[in-house]
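Participant: Each chain, letter by letter, is given below.
There are 2 protein chains.
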Amino acid sequence: MADEPAMPDRDGGLVRIRIDFAYDGTDFSGWAKQPGRRTVQGVLTDVLALHGPGGRPPVKLVVAGRTDTGVHAVNQVAHLEVVEFPDDADDLDRLVGRWNRMLPPDIRVFAARRVPVAFDARFSALRRHYAYRVTDHPFGALPLQRRDTLGWFRPLDDGLLNAASALLVGEHDFVAFCRRREGATTIRELQRLDWTRLPDGVLVARVSADAFCHSMVRSLIGALLAVGEGRQPIEWPASLLRATTRPGTVTVAPPHGLTLLGVDYPPDDELASRAERTRNLRQLQVDD
Amino acid sequence: MADEPAMPDRDGGLVRIRIDFAYDGTDFSGWAKQPGRRTVQGVLTDVLALHGPGGRPPVKLVVAGRTDTGVHAVNQVAHLEVVEFPDDADDLDRLVGRWNRMLPPDIRVFAARRVPVAFDARFSALRRHYAYRVTDHPFGALPLQRRDTLGWFRPLDDGLLNAASALLVGEHDFVAFCRRREGATTIRELQRLDWTRLPDGVLVARVSADAFCHSMVRSLIGALLAVGEGRQPIEWPASLLRATTRPGTVTVAPPHGLTLLGVDYPPDDELASRAERTRNLRQLQVDD
Chain A
0 MADEPAMPDR DGGLVRIRID FAYDGTDFSG WAKQPGRRTV QGVLTDVLAL HGPGGRPPVK
60 LVVAGRTDTG VHAVNQVAHL EVVEFPDDAD DLDRLVGRWN RMLPPDIRVF AARRVPVAFD
120 ARFSALRRHY AYRVTDHPFG ALPLQRRDTL GWFRPLDDGL LNAASALLVG EHDFVAFCRR
180 REGATTIREL QRLDWTRLPD GVLVARVSAD AFCHSMVRSL IGALLAVGEG RQPIEWPASL
240 LRATTRPGTV TVAPPHGLTL LGVDYPPDDE LASRAERTRN LRQLQVDD
Chain B
0 MADEPAMPDR DGGLVRIRID FAYDGTDFSG WAKQPGRRTV QGVLTDVLAL HGPGGRPPVK
60 LVVAGRTDTG VHAVNQVAHL EVVEFPDDAD DLDRLVGRWN RMLPPDIRVF AARRVPVAFD
120 ARFSALRRHY AYRVTDHPFG ALPLQRRDTL GWFRPLDDGL LNAASALLVG EHDFVAFCRR
180 REGATTIREL QRLDWTRLPD GVLVARVSAD AFCHSMVRSL IGALLAVGEG RQPIEWPASL
240 LRATTRPGTV TVAPPHGLTL LGVDYPPDDE LASRAERTRN LRQLQVDD
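Protein chains in written order, with numbering that gives the first Met the number 0: chain A, 0 to 287; chain B, 0 to 287.
Treat the hints with care, as some may be off.
Sample of chain B residues facing chain A (criterion: CB under 7 Å; computed from the structure) [stated by the list, open to error]:
#1 Arg100
#2 Arg107
#3 Leu143
#4 Val168
#5 Gly200
Have a look at the derived ranges for each label pair, beta carbon to beta carbon [claimed, not checked]:
#6 Phe152/A to Asp199/B: 49 to 57 Å
#7 Phe152/B to Asp199/A: 24 to 32 Å
#8 Arg37/B to Asp89/A: 43 to 51 Å
#9 Ala88/A to Phe152/B: 26 to 34 Å
I should point out that these hints are in silico values taken from the structure, not numbers from a laboratory.
In this text the structure is predicted, and so the values were computed from the model without any measurement.
No residue lacks a Cβ here, since even glycine has one placed at the ideal position from N, Cα and C.
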């Protein structure tokens, strides 16, 4: 091969591929393949199996952020393993083009490329970035925005939302905002949480963390909306960080306002150590 | 009545109402009511008839811009005539709220208010503003943008698009860009036509005119895209203004990239003279 990568890229004859893609989650029952349901993993696997690199189905498909039913992604990342993969950039473009012609318009693949075998879309990720969109317009979301914007029928105060959000940033045990799973840690580092009101009046929360446990972003948003409408004091969401179980008072915000914006990875030479560290920390049982 | 308007607002016992509303045109067969088709006028009329002000169906529903199948609106304007209408702001809010609860989520009414009888949503309009969205990303529109953004599979040059657009601005006979109707003028004043590339790569054309003949915006966009991809010279769209019939070489761009942004009206005391002038100029046969 002309361009031997610095890291090994074959593992028992398999080549590891990273794909970057986007979807409108409205008509999917989330990421994970389920019998009888239309899921992102299911639709992608079907197309890759029929039109895979080298004409063979991929061995597995692991995603960075396993989104729930109705949640969207503008830049999701997955890895898969295949027997063969084009080395030539033109062949690669043709392959991605073929996938997009076969995929329904609510999924688009932007890029596919060979990565070191140490690249794990889920466990190598350094951090995930999400956005949550909500409008407090009295008559709800604009028709063209209704698929990814929650309508909130009471006025929301940007200042209250931001003040309560700032108190949540940092490394905490987010058990109050996590759906409990046995044996899994709920300690996460929340790196960013703030709100911006766009010129059209839509409020956008930007949320970044090393990782999120299940329903964590939507639970945080649910608690913050109670503050934004004046129903709870600014300190209330942060006070829940002292809880040792999930309180019944936190409402999980609806999924359709949530969009995965992107995922960050370390340089290639740190992939293996990052994945090792994440696996140990989170004991393989935790969500993204 | 406490707030007698300066202009008469009753005409044979009827009160004239202006409504401002938005829709996602994807699942509508355009504006105009047609048997057996789901249209914006049809859905609105059904809801207003059942839940009209004063419990009676409106007499008519006249729109500023009669959009085609698949075309969207973020601020469309219509007028209707009713026997009764709430004078109290709270009652009015309740009425609009009731409409929105009955309307499907792809139509939202923002406001309804009594206007002088001289207000004609179509003929009093001073100008209409449209946007056309197109992406030249090799794999088409992002899933969440695919309803209002055209995918163009060849690269588009912003400079060429803007240079060709500038030559079209002004008062011209746009017969080359109009679907012909007998006895109707095709002279229009194109007041704005320019392109901006957004940070996400989507190109947005802003198009404003006193009025547009049928399929005019989409024909202009179709001609300009041929310039933007380098298939026609910069001067070509403007050279068609010298044509006396519609040439076969102009392609009408697909409807789903087109959105009506808004409609301007003169002050109340100029409504009647504006409508009179428009009716005379356009002989009642012309599109918006």
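Participant: Please test the hint of 26 to 34 Å on the beta carbon pair from Ala88/A and Phe152/B.
Facilitator: violated (18 Å)
Participant: Between Phe152/A and Asp199/B, does the C-beta distance stay in 49 to 57 Å?
Facilitator: violated (30 Å)
Participant: Was the hint right that Arg107/B lines chain A, CB cutoff 7 Å?
Facilitator: holds (5 Å)
Participant: Please check whether Arg100/B passes as an interface residue: C-beta within 7 Å of a C-beta belonging to chain A.
Facilitator: It is violated, given that the least Cβ distance between Arg100/B and chain A is near 9 Å, above 7 Å.
Participant: If I claimed the Cβ atoms of Arg37/B and Asp89/A lie 43 to 51 Å apart, would that claim hold in this structure?
Facilitator: This hint holds: roughly 45 Å between Cβ atoms.
Participant: Hint Gly200/B vs chain A: min CB-CB distance below 7 Å?
Facilitator: violated (11 Å)
Participant: Could you check if Val168/B really has its C-beta closer than 7 Å to a C-beta on chain A?
Facilitator: violated (26 Å)
Participant: A closest beta-carbon separation below 7 Å is what the hint needs, so does Leu143/B meet it against chain A?
Facilitator: holds (5 Å)
Participant: How does the Cβ-Cβ distance of Phe152/B and Asp199/A compare with 24 to 32 Å: does it lie in that range?
Facilitator: holds (30 Å)
Taken one by one, the earlier hints fail for this structure at numbers 1, 4, 5, 6 and 9, listed in ascending order.
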